[in-house]
Amino acid sequence: MAVVAPPRPAAERREARLELAWRGRPGLLGWLTTTDHKRIGLLYFWTTLVFFGAGGVEALLMRTQLERPNNDVVSPSTYDQLFSMHGITMIFFFIIPMTTGAFGNYLLPLMIGARDMAFPRMNALSFWIFLASGIFIYISLFMGMAPDAGWFDYVPLASRAYSPGSNIDFYCLGIIFNGIASTLTAGQFIVTIFTSRAPGMSLNRMPLFCFAFLAASFGLLFALPVLTVDTVFLFLDRNIGTHFFDVAHGGSAVLWQHLFWFFGHPEVYILIVPAFGIATEIIPAFTQRRMQAFPLVAIAELLVVFIGFGVWAHHMFAVGMPTVTMVFFAAASAMVVIPSTIQVFAWCWTMVIGGGRFRTPLLFIVGFVFMFVTGGLTGIMFVAIPFDQQVTDTYFIVAHFHYIIFGAAVFPIFGGMYYWFPKVTGKLYFELPGQISFWTIFVGTNLLFFPMHIVGLLGMPRRQYTYPDGLGWGAYNLAETIGGFLTAAGIVLLLGNLLVSWFRGEEAGPDPWHGPTLEWSTGSPPPEYNFAVIPKVSSAYANWDHEDREEDRRRLEQGVLVLDEGNRQVAVTPVDGHLSEIVDMPHGSPWPILLALALSLVFTMLVIERYGAAAIMGVLCLLALVGWHSHEPAEETA
Amino acid sequence: MDVAARPALPRRNGPTAALLGMAVLVASEATLFAAMIGTYYYLRFETAVWPPRGVPEPKWVVPVILVAVLVCSSVPMELGSRAAQQGRLAAARSFFLVALVLQAGYFAYEVHDFADQLRETPIDRNAYTSVYYTLLGADHAHVFVGILFVVWLLGKLAFGLTPYRVNAARVITWYWHFVNLLTIVVLATLLSARA
Amino acid sequence: MTLRQLGILQWLGLLLGAGVWVAQHLIGSGLTQADCGAGGAGWGISNDAWQAALALAAAALVLSAEAAAITVFARTRGAGFGDGPPSDEGELRRTRLHFFAAASIAANAIFFLIIVLDGVASIVATGCRQG
Numbered sequence: 001m002a003v004v005a006p007p008r009p010a011a012e013r014r015e016a017r018l019e020l021a022w023r024g025r026p027g028l029l030g031w032l033t034t035t036d037h038k039r040i041g042l043l044y045f046w047t048t049l050v051f052f053g054a055g056g057v058e059a060l061l062m063r064t065q066l067e068r069p070n071n072d073v074v075s076p077s078t079y080d081q082l083f084s085m086h087g088i089t090m091i092f093f094f095i096i097p098m099t100t101g102a103f104g105n106y107l108l109p110l111m112i113g114a115r116d117m118a119f120p121r122m123n124a125l126s127f128w129i130f131l132a133s134g135i136f137i138y139i140s141l142f143m144g145m146a147p148d149a150g151w152f153d154y155v156p157l158a159s160r161a162y163s164p165g166s167n168i169d170f171y172c173l174g175i176i177f178n179g180i181a182s183t184l185t186a187g188q189f190i191v192t193i194f195t196s197r198a199p200g201m202s203l204n205r206m207p208l209f210c211f212a213f214l215a216a217s218f219g220l221l222f223a224l225p226v227l228t229v230d231t232v233f234l235f236l237d238r239n240i241g242t243h244f245f246d247v248a249h250g251g252s253a254v255l256w257q258h259l260f261w262f263f264g265h266p267e268v269y270i271l272i273v274p275a276f277g278i279a280t281e282i283i284p285a286f287t288q289r290r291m292q293a294f295p296l297v298a299i300a301e302l303l304v305v306f307i308g309f310g311v312w313a314h315h316m317f318a319v320g321m322p323t324v325t326m327v328f329f330a331a332a333s334a335m336v337v338i339p340s341t342i343q344v345f346a347w348c349w350t351m352v353i354g355g356g357r358f359r360t361p362l363l364f365i366v367g368f369v370f371m372f373v374t375g376g377l378t379g380i381m382f383v384a385i386p387f388d389q390q391v392t393d394t395y396f397i398v399a400h401f402h403y404i405i406f407g408a409a410v411f412p413i414f415g416g417m418y419y420w421f422p423k424v425t426g427k428l429y430f431e432l433p434g435q436i437s438f439w440t441i442f443v444g445t446n447l448l449f450f451p452m453h454i455v456g457l458l459g460m461p462r463r464q465y466t467y468p469d470g471l472g473w474g475a476y477n478l479a480e481t482i483g484g485f486l487t488a489a490g491i492v493l494l495l496g497n498l499l500v501s502w503f504r505g506e507e508a509g510p511d512p513w514h515g516p517t518l519e520w521s522t523g524s525p526p527p528e529y530n531f532a533v534i535p536k537v538s539s540a541y542a543n544w545d546h547e548d549r550e551e552d553r554r555r556l557e558q559g560v561l562v563l564d565e566g567n568r569q570v571a572v573t574p575v576d577g578h579l580s581e582i583v584d585m586p587h588g589s590p591w592p593i594l595l596a597l598a599l600s601l602v603f604t605m606l607v608i609e610r611y612g613a614a615a616i617m618g619v620l621c622l623l624a625l626v627g628w629h630s631h632e633p634a635e636e637t638a
Numbered sequence: 639m640d641v642a643a644r645p646a647l648p649r650r651n652g653p654t655a656a657l658l659g660m661a662v663l664v665a666s667e668a669t670l671f672a673a674m675i676g677t678y679y680y681l682r683f684e685t686a687v688w689p690p691r692g693v694p695e696p697k698w699v700v701p702v703i704l705v706a707v708l709v710c711s712s713v714p715m716e717l718g719s720r721a722a723q724q725g726r727l728a729a730a731r732s733f734f735l736v737a738l739v740l741q742a743g744y745f746a747y748e749v750h751d752f753a754d755q756l757r758e759t760p761i762d763r764n765a766y767t768s769v770y771y772t773l774l775g776a777d778h779a780h781v782f783v784g785i786l787f788v789v790w791l792l793g794k795l796a797f798g799l800t801p802y803r804v805n806a807a808r809v810i811t812w813y814w815h816f817v818n819l820l821t822i823v824v825l826a827t828l829l830s831a832r833a
Numbered sequence: 834m835t836l837r838q839l840g841i842l843q844w845l846g847l848l849l850g851a852g853v854w855v856a857q858h859l860i861g862s863g864l865t866q867a868d869c870g871a872g873g874a875g876w877g878i879s880n881d882a883w884q885a886a887l888a889l890a891a892a893a894l895v896l897s898a899e900a901a902a903i904t905v906f907a908r909t910r911g912a913g914f915g916d917g918p919p920s921d922e923g924e925l926r927r928t929r930l931h932f933f934a935a936a937s938i939a940a941n942a943i944f945f946l947i948i949v950l951d952g953v954a955s956i957v958a959t960g961c962r963q964g
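Respectively, the protein sequence lines represent chains L, G and P.
Heads up: the first sequence runs through residues 1 to 638, numbered per this note's numbering.
Heads up: the second sequence runs through residues 639 to 833, numbered per this note's numbering.
Heads up: the third sequence runs through residues 834 to 964, numbered per this note's numbering.
Among the hints, erroneous ones may be present.
What the hints assert, rightly or not - Sample of chain P residues lacking proximity to chain L, with all beta carbon distances greater than 12 angstroms (derived):
#	residue
1	MET834
2	GLY875
3	TRP876
4	LEU896
5	ARG908
6	ARG910
7	GLY913
8	ALA940
9	ALA942
Unchecked claim - Quick look at which bits of chain L chain G covers, simulated, 3 or more residues with Cβ under 8 angstroms:
#	region
10	191-197
11	202-212
12	250-263
13	320-326
14	362-374
These are calculated hints, taken from the structure and not from any lab test.
Only a predicted model underlies this, so the values are computations on that prediction, with no experimental measurement involved.
The C-beta atom is built at its ideal place from N, Cα and C for all residues, glycine as well.
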């Protein structure tokens, strides 16, 4: 299905011009100044893998500690830092940046037929800020001052009186710093989806993957500011002497929880909605069928996040709120199940009527549906307020959210790694080790997380660094630890398989799966300009519309919408996707990394309480911004 | 040049990426303030006497007048933006300059007043003062950012008008409409303590 | 009805229900916070009456959004959801209207359920007792 074959002189000449215009700088400098969404996606991918490894090691250390009663592999204070950093890492430094940063950045422009994001330099800025925030918060771990009040960092434990060290300051600043990166990515995706689609791709012809990422982006955009406010309040309480959370001076400790969970629950859906998006790509590819109930799946992806904003207090049913307040959150929590269920039925039905080639990516999706339904069934139990109050802060909760966050959010990430591996590297992965890695991870995670339900109901509390003998918890915990290491082995096999395939795999060609969306219509790996001609789109499964792809080839011949004079792409109207203008894109810039550097100096000064110096570094940020905007794009001529 | 740049399809006018980008920023900032205003009312509902004893009620005459002056700067901003879109460079410069004078005057007085209030009633007195100063300070910070935008814009306009600068003028004008609205909402929230 | 009018109805169907639920959720839970907090206890808020009025108004608005969505869906019958190339501008719009109308019908049904559950439960639950 290659767009380029058979090449003719005019088409070749145009492609050569595009090649020249979009080529990045060579070497390290090219990576540091890149604005190419594919390179930024890869940078995100490698960085988040490192953080995934760190979070995984933290998890294995905890499992080793809990493997038997009265164990003392790590000290209680180390254990506190381990579970806090595990949560922070997996949520803020693995899943969000892996889904939005890596998958979203790499694939979104390809799926909508664009040559880059709407704001390419801001995209680079987002990555460098993300990297700096990760380094910032991990420095605290190596200094033995890592956040240690849990990933949701409740006051009063996190207040200055009970956490006198810098641990929580690192938490507050690290979270705010990281939030800037995620907000930039979210805003980027929203604007890109609404303005940079190929002409003809009206919203109802947009792939479901893009709906999912649109939902996640809206979620981040409206959830993160609330977390920022919350952590700013805590920072002020700890360092300036304000009393937001100080009950003795009219503040409220529950206020922290309200603000935190107003962010925290949408966050869970932000983690999982991209996984839905990945599932809605892989299922059509391996069943060779369009998703059933397309409009319902699209709205369900958006609704999950939207209703997810109204359920936050169900994390606080045990904290002491009036019942009349709690029922509002119980009702919304019960109903948010409906859009999730709509999607589960649509996935299953598409697989049932389509049959399916159960290759590794689809296996991960089947595993994902199983884990999501299991985790969802325990999730809906928490709507029953009395039950929730019984199991709050026990391992039952830990079991539930790991089924969702690992089983449902990470399985599709693994499936997606296999699925898009041929696109990104141009090589095929090895199928048999792939399937073995799936079964290892599937058995491992269930062995790891299922017994947690039981010990939770037996009363084992979370966040305890050890437990006494004679409670009957030992065997379950041992099983969990074995499951943990089995899962780790499966993940190592997965990554090893991909690594070996990268060097030894067979050539994949542009479209090994006969995939449904536009990324499969261009080369593997895609050229830097993505598409030699802005593609014609008339349905959400554009790569299956052969007439349109023929039309692309004719357009390349005739020079229609090739836009080979400089770095250009089209802008469209937000809803119906009519061509609106032709825009010049920035291409390569040193300012994003410089601005991120200046910003990390600001946060470093803040954490060592040098506020004057922080202000001076803030001026540096402003100078970097002025420099950034000194370059104006060439004027539109078309 | 060959025919490469000629589009094959009819065109429609749509919002530019810059305008949408500003809309996204405004949405994010509005959420930030919604969270702070939510905090204000949450604390108020939990506190028997508001403002607590020993803390003066917020003054209203001067702040209301000042905010009215600030809000008036939306007019020269809008006129400046339109002048820029019509290519009238000199007019655009003067309108933005007038707006800048109003905004900077407001900001200078408010910063002075903020420092005065802090001397009288420090921020670490209780939860009321915490949320009062934080909300007000965050609003002032947004006015300050807006002033930086206008200064930067005037700096750019000193070297002529380009489509890029016209776009910037439109976007910054949008930001100022938002900040002005925000200032009204913040003031109304803070003055509700008098009710 | 013209396509333009249907377009307005389509956005109404998509956005009104969502907005109404947000308002009802925030005002409703906020009212209980005010009524049960030390600051608002003396304001004499009649929680049950307010909640009932709020839920009824919200439910009525969501139902009208649902009606708008159903109208658009019915008037664009046969347009499809946009599975292939549109023959002209009118068909392009009709497929989009049909698509969002179908989506809104599902969304508003869910919003309606939440609002009714909220309304009933907040009246049945007794006062500020912590359960």
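Here's how the hints hold up against the structure:
{"no.": "1", "hint": "MET834", "in the structure": "holds (19 angstroms)"}
{"no.": "2", "hint": "GLY875", "in the structure": "holds (16 angstroms)"}
{"no.": "3", "hint": "TRP876", "in the structure": "holds (15 angstroms)"}
{"no.": "4", "hint": "LEU896", "in the structure": "holds (16 angstroms)"}
{"no.": "5", "hint": "ARG908", "in the structure": "holds (16 angstroms)"}
{"no.": "6", "hint": "ARG910", "in the structure": "holds (14 angstroms)"}
{"no.": "7", "hint": "GLY913", "in the structure": "violated (9 angstroms)"}
{"no.": "8", "hint": "ALA940", "in the structure": "violated (5 angstroms)"}
{"no.": "9", "hint": "ALA942", "in the structure": "violated (8 angstroms)"}
{"no.": "10", "hint": "191-197", "in the structure": "holds (count 4)"}
{"no.": "11", "hint": "202-212", "in the structure": "violated (count 0)"}
{"no.": "12", "hint": "250-263", "in the structure": "holds (count 7)"}
{"no.": "13", "hint": "320-326", "in the structure": "violated (count 0)"}
{"no.": "14", "hint": "362-374", "in the structure": "violated (count 0)"}
Hint compliance for this structure: hints 7, 8, 9, 11, 13 and 14 are not met, and every other hint is.
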